[in-house]
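Asks: Each chain is listed here by its residues.
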Amino acid sequence: MSQKASKVEPGLQLVKRLFASFYSRNIVDPPSNLSQREFAFSKFGASTMIRHVSFSNPKEMNNYIRMHIPQHIFYSSAYYKNPSAQNMEEKGWLGADLIFDIDVDHMLTACKDFHDYWRCLDCGASGWGFTLKCPSCGSERLEWSKWVCEICINYAREEIIKLIEILEEDFGISRSEMLVAFSGHRGFHLHVESEAVRDLDQDARREISDYLRGIGLDLSLLLVRDRENYKFKYSTTSPGWAGRIFKFLVLRVSSEENVGVEELSKPYEWWSQIVSSALSELSVKIDEKVTIDTKRLIRLPGSLHGKTGLKVFTLTPSEIENYDSVTILKKAIVFPEDTVRVRLKPLPRKVLFFDFKEAKSELLEAPLFLAVYMLLNGGAEILRA
Amino acid sequence: METKTLKVILGPADYLRYPFLREAIENIRLFGLTLEDIGNSPLGAELLNNARKKILTVIEKGYYPTPESSPGSDYRIEVASFLTTLIILSEIGDEALNEKFAIVFSKCVASELSKDSIKKAIFIAVDTLGWHITLDGNECLLHYKHYLHGVPEYAGEWKLINRPVSGGFVRVPQDKIFRIVETGIKKHVLSLIEKTTVEESKIPERLYKVVEEIATVWSNLRSELAAYARKAYRSKEEELFPPCIRSLLKDLSSGKNLTHVARFALASFLLNIGFNVDEVLEVFRLSPDFREDIARYQIEHIAGLRGSRTKYLPYKCENMRSYGLCMWRCENVRHPLQYFFRAARGRTPRVAES
Numbered sequence: 000m001s002q003k004a005s006k007v008e009p010g011l012q013l014v015k016r017l018f019a020s021f022y023s024r025n026i027v028d029p030p031s032n033l034s035q036r037e038f039a040f041s042k043f044g045a046s047t048m049i050r051h052v053s054f055s056n057p058k059e060m061n062n063y064i065r066m067h068i069p070q071h072i073f074y075s076s077a078y079y080k081n082p083s084a085q086n087m088e089e090k091g092w093l094g095a096d097l098i099f100d101i102d103v104d105h106m107l108t109a110c111k112d113f114h115d116y117w118r119c120l121d122c123g124a125s126g127w128g129f130t131l132k133c134p135s136c137g138s139e140r141l142e143w144s145k146w147v148c149e150i151c152i153n154y155a156r157e158e159i160i161k162l163i164e165i166l167e168e169d170f171g172i173s174r175s176e177m178l179v180a181f182s183g184h185r186g187f188h189l190h191v192e193s194e195a196v197r198d199l200d201q202d203a204r205r206e207i208s209d210y211l212r213g214i215g216l217d218l219s220l221l222l223v224r225d226r227e228n229y230k231f232k233y234s235t236t237s238p239g240w241a242g243r244i245f246k247f248l249v250l251r252v253s254s255e256e257n258v259g260v261e262e263l264s265k266p267y268e269w270w271s272q273i274v275s276s277a278l279s280e281l282s283v284k285i286d287e288k289v290t291i292d293t294k295r296l297i298r299l300p301g302s303l304h305g306k307t308g309l310k311v312f313t314l315t316p317s318e319i320e321n322y323d324s325v326t327i328l329k330k331a332i333v334f335p336e337d338t339v340r341v342r343l344k345p346l347p348r349k350v351l352f353f354d355f356k357e358a359k360s361e362l363l364e365a366p367l368f369l370a371v372y373m374l375l376n377g378g379a380e381i382l383r384a
Numbered sequence: 000m001e002t003k004t005l006k007v008i009l010g011p012a013d014y015l016r017y018p019f020l021r022e023a024i025e026n027i028r029l030f031g032l033t034l035e036d037i038g039n040s041p042l043g044a045e046l047l048n049n050a051r052k053k054i055l056t057v058i059e060k061g062y063y064p065t066p067e068s069s070p071g072s073d074y075r076i077e078v079a080s081f082l083t084t085l086i087i088l089s090e091i092g093d094e095a096l097n098e099k100f101a102i103v104f105s106k107c108v109a110s111e112l113s114k115d116s117i118k119k120a121i122f123i124a125v126d127t128l129g130w131h132i133t134l135d136g137n138e139c140l141l142h143y144k145h146y147l148h149g150v151p152e153y154a155g156e157w158k159l160i161n162r163p164v165s166g167g168f169v170r171v172p173q174d175k176i177f178r179i180v181e182t183g184i185k186k187h188v189l190s191l192i193e194k195t196t197v198e199e200s201k202i203p204e205r206l207y208k209v210v211e212e213i214a215t216v217w218s219n220l221r222s223e224l225a226a227y228a229r230k231a232y233r234s235k236e237e238e239l240f241p242p243c244i245r246s247l248l249k250d251l252s253s254g255k256n257l258t259h260v261a262r263f264a265l266a267s268f269l270l271n272i273g274f275n276v277d278e279v280l281e282v283f284r285l286s287p288d289f290r291e292d293i294a295r296y297q298i299e300h301i302a303g304l305r306g307s308r309t310k311y312l313p314y315k316c317e318n319m320r321s322y323g324l325c326m327w328r329c330e331n332v333r334h335p336l337q338y339f340f341r342a343a344r345g346r347t348p349r350v351a352e353s
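Here the protein sequences come in this chain order: A and B. Everything in the first sequence is counted per numbering that gives the first Met the number 0, starting at 0 for the first residue and increasing by one. Everything in the second sequence is counted per numbering that gives the first Met the number 0, starting at 0 for the first residue and increasing by one.
Isolated chain A, as found in the complex:
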């Protein structure tokens, strides 16, 4: 054991001590149906996961966490007969929560120019902001240093609010069946825990995901011919996407056109454009892979995110509607604010709710919790205070 532990580098060693102290002072709440869940952990500095762990009671789970001080803690969205069995057949899948993941990594946010840095592994060019390919040589082999700030979290928050609304209105899922969690990093997870969703298969989950993402909408079903033009068939009271798009049109188009949306008679291409902009605004930017997976491992609320040191914590739907992103980030901070000196290269101009636009060097003074994030996510060096 001691030999293994000594392999963890000194910076990580410090973070591990902070994690240990956190877990010794706090009790992590178990997920619902604890004994049917599979847990997975990764140790500090390790790249592999320890899987197929299960617990019969909350105390056992907390003891395990205190003893092993994992860097990351996940549990299964699925319920199993034997969660600790090694293969799926023996595990005996009984059902799974419906999970939505909103991650700003998948979104084009304006703040990426402030804090996301790429370096081309082929030609060595580098720069700030979002790109798919190296603008200099066209290579797709890019190395990234990405950070999260309050602006990103606000984007994610807006998405989760849209998600809650559609789940509630269209799918009739009550707020008491929804659990929102700040993921501890780039966004939120929304867990739907109800009998109705448990046995949905992958196809059904994909359809729900497509519905939320606005994929597969057939415009011709929304329009009706009006001589050489088309009119919108539905109204503001229509359920589902038809009514949602109508409301968008009322806001967007009515003022410009001086005529009610019901009366609008326009060519098909015009409708096609306006409806696709409605979809891009109204659809929810969830990560499809997470939603369709019926055996997903998801971060355990109450645990610490091993790449940020921030706490994964749950919020009710109305809490997320009422908190701003800075409040949310502040609630995720568990480590002390004592100032330490850190060196981080390249230094982003914005991290969490801190601004480094004026910073003159890569050496700076930062509260410990921020230094931990910098160390875990960007290999920063923490110097003695």
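Honestly, the hints are just simulated from the structure, not real lab data. Positions of the beta carbon are idealized from the N, C-alpha and C atoms, including for glycine. Be aware that a few hints might be false.
[Claimed, not checked] Incomplete in silico selection of chain B near chain A, CB under 8 Å:
hint, residue
1, Leu147
2, Gly155
3, Asn161
[What the hints assert, rightly or not] Sample of chain A residues lacking proximity to chain B, with all beta carbon distances greater than 12 Å (derived):
hint, residue
4, Gly10
5, Ser23
6, Ser53
7, Gly137
8, Val249
9, Pro335
10, Ser360
Given chain A, put chain B in place with the hints provided.
Replies: Here is chain B on its own, set in the frame of chain A:
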């Protein structure tokens, strides 16, 4: 959900036409018919013969025969014969055959139902399939979960996004309900087959003979197809294969190294159209990093000869697309195997680049 407003009373005539009904099966169970009865009694012989004919008709003619509703026909015989088909199918244990049976059966039933009444369809959905569904004017309100369970395809007007959805319920015009109930019945029949378990040692000789006979008929039919596929592969008449598989074969023969998912897709496809492990191995011999021991191990795994003992199906079209292996749209095809079986019947699907 409320079903109070729905006054549907089922009688023997309904059990005759819809032998999968919960009530019908429960009534029959009351008689306590046993496996020994099937093996020994004259009634058992009749049931077995009915069941045998039904499955063979499904395989050879593509419909599920139901007796003419005449004063003399006894629903108990019909339901018990249906239950016997489930036992036979469960004993044969071939997924493709079960699928075929369930599809043919549910189509016949749905066509009967649509001539019958919407109320009866809804009653069956609630009572036998356990769905939340109500009538609302000339539309039905169906819980999204059950809608997604029964929807025949996830495209066009069936796609959830193109339907009015509110408070957890999807609005569906009455005339579309029959199609949704059809898929529901298909899946219900599959689950009935799956739930039917018989202790090997208790299988009567007479039942076993029928199981063997049908299994042989079925596998001969399948092996004709397999022979056809082999010939197509050898003589490079690859139109039988969908464009995704053709493209993988082309990549292989031009010496490209296929990704793991591509290999899985190709191997599982070939195994499912009847290639044996050695034949698939020959195909992969073209691979630049070919190592017989490793390749054989992997192919045997996919064939279900190792590990979890499940024979893997190739990815369906949606997943092929997600993995970047499909750049086409094959008309009305949702699974590469579907393309193959259609093409083999001389109805090659139309393909568009997408």
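Asks: Does each hint hold? Answer for all of them.
Replies: Status of the hints after comparison with the structure:
The closest approach between the C-beta of Leu147 (chain B) and any C-beta of chain A is roughly 4 Å, which is under the 8 Å cut-off, so the hint is satisfied. Annotation: Gly155 (chain B) was flagged as interfacial toward chain A, and the flag holds, the nearest CB pair being 6 Å apart, inside 8 Å. Evaluation of the Asn161 (chain B) hint against chain A yields a held restraint, the C-beta minimum of about 5 Å falling below 8 Å. Look at Gly10 (chain A): its CB is around 36 Å from the nearest CB on chain B, clear of 12 Å, so calling it non-interface holds up.
Taking the minimum C-beta to C-beta distance to chain B, about 41 Å, the non-interface status of Ser23 (chain A) holds against the 12 Å cut. For Ser53 (chain A), the non-interface assignment is confirmed: its Cβ lies about 20 Å from the closest Cβ of chain B, beyond the 12 Å cut-off. Residue placement check: Gly137 (chain A) keeps its beta carbon more than 12 Å from all beta carbons of chain B (closest about 20 Å). For Val249 (chain A), the shortest C-beta to C-beta distance to chain B comes to about 18 Å, beyond the 12 Å cut-off, and the non-interface label holds.
For Pro335 (chain A), the requirement that its beta carbon stay farther than 12 Å from each beta carbon of chain B is met, with the minimum near 45 Å. Every beta carbon of chain B lies more than 12 Å from that of Ser360 (chain A), the smallest distance being close to 45 Å; the non-interface claim holds.
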